[in-house]
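Protein sequence lines correspond, in order, to chains H and U.
Counting along the first sequence from 1, when you hit position 54 you're at 53 in numbering that gives the first Met the number 0, and nothing is skipped either side.
Counting along the second sequence from 1, when you hit position 355 you're at 354 in numbering that gives the first Met the number 0, and nothing is skipped either side.
Derived by calculation from the structure, the hints in this document are not laboratory data.
Incorrect hints may have been included.
Pairs involving identical chains hold if they fit within one copy or between any two copies, as the list cannot separate such chains.
[Claimed, not checked] List time: in silico BS3-like cross-link candidates among lysine-lysine, alpha-carbon distance up to 25 Å:
#1 K289 <-> K12
#2 K12 <-> K249
#3 K186 <-> K152
#4 K21 <-> K60
#5 K335 <-> K389
#6 K249 <-> K185
#7 K21 <-> K76
#8 K185 <-> K327
#9 K249 <-> K193
#10 K12 <-> K335
#11 K21 <-> K249
#12 K193 <-> K152
#13 K60 <-> K289
2 protein chains.
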Amino acid sequence: MEYRFAARMSVMKPSSIREMLKLTERPEVISFAGGLPAPELFPVEDIRIAAERTLQEFGSKALQYGVSEGIAPLREKIAEEMLSRGVECGRDDILITTGSQQAIDLVGKVFLNSGDCIFTENPTYLAAIQSFQCFQADFVPIPTDDQGIIPEKFDETAGHRHAKFVYMIPNFQNPTGRTMPIERRKKLYEIAVKRNLVIIEDDPYGRLRYRGTHIPPIKSFDRTGHVLYISTFSKTVSPGFRTGWIVAPKEIRDRLIITKQAADLHTSSLDQLILERYLRDFDNRSHVEKVREAYGERYVAMNAALKEHMGANWSWTHPEGGMFLWVKGPQGIDTKNLFSRAIAHNVAFVPGADFFPDGGGINYMRLNFSNSTIPTIREGISRLAEICAKEYAETMTNEGKI
Amino acid sequence: MEYRFAARMSVMKPSSIREMLKLTERPEVISFAGGLPAPELFPVEDIRIAAERTLQEFGSKALQYGVSEGIAPLREKIAEEMLSRGVECGRDDILITTGSQQAIDLVGKVFLNSGDCIFTENPTYLAAIQSFQCFQADFVPIPTDDQGIIPEKFDETAGHRHAKFVYMIPNFQNPTGRTMPIERRKKLYEIAVKRNLVIIEDDPYGRLRYRGTHIPPIKSFDRTGHVLYISTFSKTVSPGFRTGWIVAPKEIRDRLIITKQAADLHTSSLDQLILERYLRDFDNRSHVEKVREAYGERYVAMNAALKEHMGANWSWTHPEGGMFLWVKGPQGIDTKNLFSRAIAHNVAFVPGADFFPDGGGINYMRLNFSNSTIPTIREGISRLAEICAKEYAETMTNEGKI
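The shape of chain H in the complex, shown without the other chains:
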C-alpha cells in the first residue's frame, strides 16, 4: 500500500553518521567517527556488584513500573552532582530522561510548533538537529568563534527574530571541542534575559576536562528561570543505561513530565536503581578522574600525530576536555569525498557538513579520540594524513591550481 507519512518525515533523513558507522564496523577500520566513550574504562565490576545488590535488596520493586519523573534517590544524587558543578537545585527540579537525547526530544515537544525558529551554535550536535527537525523547527545558526556563540551576533539576531530557545553546548562542544569562557557564558545569559529567550544548555562532557579549570554552567547564573540544563551519565558511568536528566524551572518541568509520560512512561527502573546504587557504593569521582586522564593522553597523542603528519594547510581545535577535535581542511576539500577514500584505506571520521544546520562546512571533519588507544590513534592519523594529502593534491589538480 501507499503510506501517507507526516510532513516531518520529509526532512528527517537517515543520519549519514548512522549509515557511515555501518561502514566503519569492519574490524580492520580505525574509526575516529563514532562518539563512543572508551569501553575498557567502564566500571564493569562495580556495576555488576551494584546490579547484584539492587536485585537482592529491592527484588520485585526494581522491576515494577515507576514514576515518570524518575526515582527520588537518584534525583537526590543528581542534585548533589549539580551542586558540585555549581548549580543549586533540589530533587524536585530534576526530571530523569532516557538518555540526554530524550531530554532534547522532550524540549522540542514542549516548545516547538512547526515553523518555530530556534537558535543554535554553528556547527552544532547532529542528533539535536535531527531531534528539532522532527518538530519542523526553523534553524537559525548564530555565528561562532573559538569561544562559542558570538554575543554581538546573538544579540543582533535575537533582536530581529523571535526564537523559542537557543541551544548550546558550552563545554567541549560537539563537534568542535570548543569551550565557552565564563565571561562569554555570562554575556549570553544576560542577552537571553534581555531578549526573553530560553537557553537550552546541553552539558554531556563537562566532567571530562583534562586541562584547565572547571567553568560553572550557565545554569549557575540563572535566577530568572531562563536556563534548562541537560546532562547524562553516559560519559561518567556508561551510555548503555540511557539515563540522563534535565534541570528545569517548575513551569517547564511540569510540562516535560507530561510529555515524558506520553513518550515512554518512565526510564528503566532497574537502570535507575543500579546507577543510584553504583553512585552510593563506589567512587565515581576517582573513576571519572581515570577517564579524564586517559582522554587527555589520547588527545595529546592525536594532536601530536596530526602535527607530525598533516599538511600545513590543515588546522584543528585544541579542546581542554571531551571526546572530539575538529579539523579544518583547505578550501576546495570536500570531506564527504575524503570519507570514501578514507574508508577504502580503513580509517574513518565524520564529515563536517551534517553539523551545519544551514549547510556549508564541507571542508571540516570531526575526529573522536576517546574510543581509540594511543597506538591506534598514531596509526590512524598517519593513514588519514596520507589520504588528506592525496585528496588535496587531486583537488588542486582538478581545479587547475597545480
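Since chain H is already given, all that's left is putting chain U on it; use the hints.
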C-alpha cells in the same frame, strides 16, 4: 519569565490517573486504579542470575552505546515469540522500543500532522490518547460492541473520513477487557485494506489469557503491509525494563528507526541483554503460565465479589484475560464524584470518562485485578459496593427519582 509553549501543550493535560494514583499511594488504600502487574510474581531470581551472567559475559559491551533498532539476538527471540503468536517475521522486521508506550509515540511521529484524523476504539487506552494528542490528532472514536469496533460503523466512517490509521487493542482491551473474535479481526482487516488504512494493533496483554483459546493477531492475516503490531515484555517479564517492540513493514520501520534515534538513540543495552539472557536461560513459558493462572483466579474473585455486593443496576465485563474489568454504573452516576468518596473510604479505581476521546462515559469505571491478592479484592469490592450504593441513592434523591 513568560514561557511560550508549543500549541500541543494546551491539549496535553496531566493525566488524571497520574494525579489520582498519588492519592492511592497511602498504604491503607486498596487500589484497583493502577495498571500494574503483580510484582510478587516477577521472576526476580531468574533476572538476577541473567543480569549476573550478562555482566560477566559481555562486560563493557553491555554498557556501551548500541544500534537504534535494538540488539539482534533479542530481535531474534522476539521473532520466535511472534511466530508462536501466529505472525511470521524476521528479526529485521522488528524495532525494539523503550516500552510499548514509545512504540505508540513513534507511530504518532511518523504518521501524524497536526489536525490529522485517527480512528480509535471507544473507549480506548488513556496513554495512547495522550501520546496521539501530542501530535494534535483529531480523534474519531468508532462505536464498539462486546466484540470491539463494529465493522459496519468502521466501514461507514472510513468511507467519509480520511484517517492516518486506526488504533486498536484486540486482546483484553484497556479499559474494557473485551476481546475481538477472529471473524471480527478478519473483517476489520479487510475493511482497512479496502479503505487503504493502516491498522495499529497494540497487544500488550495477548499472552495473559486465562480462559478460552488464543486468537491470532490481525497482523497474522497481513499480506499487504497494512498492519503495525506493537507489544511488550512488561506483562510477561517485567515492566521496569521498559522494553517493547514494533513489527512493521520495511518502509514504515525505516522511518520509525530514524525517529527512534532522534527520540532516545536506542533502548538500554543492559536491559536488552538481560532480557535476552533471561529468555534464553529460563522458562518464560512456565512463568507466563503462572501469571495467567494467578490473574485468572483474581478475576474470578473480583467477579464473584462484584456479584455478591454490587446492586442490580451495575454491570461489568467478563474478560478472558488481561488485567482489567470495566464496570458500568446506572445512568446519573458520575464516577469522578464516586472516586472522591471511594478514596475517602480507602478504595480506588479509575473513572471511565478519560478513556473516551470524545467525552462521555461518566458512569463507567475501570478496575484492575492483577495487582491485588484475593482477600484484598474481596475486601476492596465490598467497600466499593457500599460506596456505589450510597452514591446511587444520593444521586437518585438529588434527581428527585426517589
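Now the hints, each set against the structure:
{"no.": "1", "hint": "K289 <-> K12", "verdict": "neither (38 Å within a copy, 45 Å between copies)"}
{"no.": "2", "hint": "K12 <-> K249", "verdict": "between (34 Å within a copy, 15 Å between copies)"}
{"no.": "3", "hint": "K186 <-> K152", "verdict": "within (12 Å within a copy, 61 Å between copies)"}
{"no.": "4", "hint": "K21 <-> K60", "verdict": "between (38 Å within a copy, 17 Å between copies)"}
{"no.": "5", "hint": "K335 <-> K389", "verdict": "within (14 Å within a copy, 74 Å between copies)"}
{"no.": "6", "hint": "K249 <-> K185", "verdict": "within (23 Å within a copy, 49 Å between copies)"}
{"no.": "7", "hint": "K21 <-> K76", "verdict": "between (37 Å within a copy, 23 Å between copies)"}
{"no.": "8", "hint": "K185 <-> K327", "verdict": "neither (29 Å within a copy, 60 Å between copies)"}
{"no.": "9", "hint": "K249 <-> K193", "verdict": "within (21 Å within a copy, 49 Å between copies)"}
{"no.": "10", "hint": "K12 <-> K335", "verdict": "within (17 Å within a copy, 46 Å between copies)"}
{"no.": "11", "hint": "K21 <-> K249", "verdict": "between (41 Å within a copy, 18 Å between copies)"}
{"no.": "12", "hint": "K193 <-> K152", "verdict": "within (14 Å within a copy, 56 Å between copies)"}
{"no.": "13", "hint": "K60 <-> K289", "verdict": "between (33 Å within a copy, 19 Å between copies)"}
The structure is inconsistent with the numbered hints 1 and 8, although it conforms to all the rest.
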